[in-house]
Amino acid sequence: MKVTMMEEFCPPEEIQRMEERKKVEAYIRGLLENIKGEVTSSEPATLS
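So in UniProt numbering, spot 40 of the sequence shown is number 40, and the numbers just go up one at a time.
One or more hints might be untrue.
Just the calculated beta-carbon pair ranges, DEER-fashion [unchecked claim]:
hint	residue 1	residue 2	range
1	Arg29	Met1	34 to 42 Å
2	Glu7	Leu32	37 to 45 Å
3	Met1	Ile35	40 to 48 Å
Honestly, the hints are just simulated from the structure, not real lab data.
Since we're looking at a predicted model, the values are computed, not measured.
C-beta: ideal position from N, C-alpha, C; glycine also.
Based on the provided sequences and hints, a complete structural model is requested.
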């Protein structure tokens, strides 16, 4: 029953996207503060 409900309400591709989002967030948390601001900024600066 649990497997059937998981397949119906939590498609594998959605679970994979959620897992990837967690990995990206963990990576960003590990960055230095000055770099983290550039990565999470709404208007990131470009590197020239």
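Okay, the hints, checked on the actual structure:
1. Checked against the hint of 34 to 42 Å, the pair arginine 29 and methionine 1 passes, with Cβ atoms roughly 37 Å apart.
2. Distance hint check for glutamate 7 and leucine 32: the Cβ-Cβ separation is about 41 Å, which falls inside the suggested range of 37 to 45 Å.
3. Taken as a hint, the range 40 to 48 Å holds for the pair methionine 1 and isoleucine 35, whose Cβ atoms sit roughly 46 Å apart.
In terms of the numbered hints stated before, the structure departs from none.
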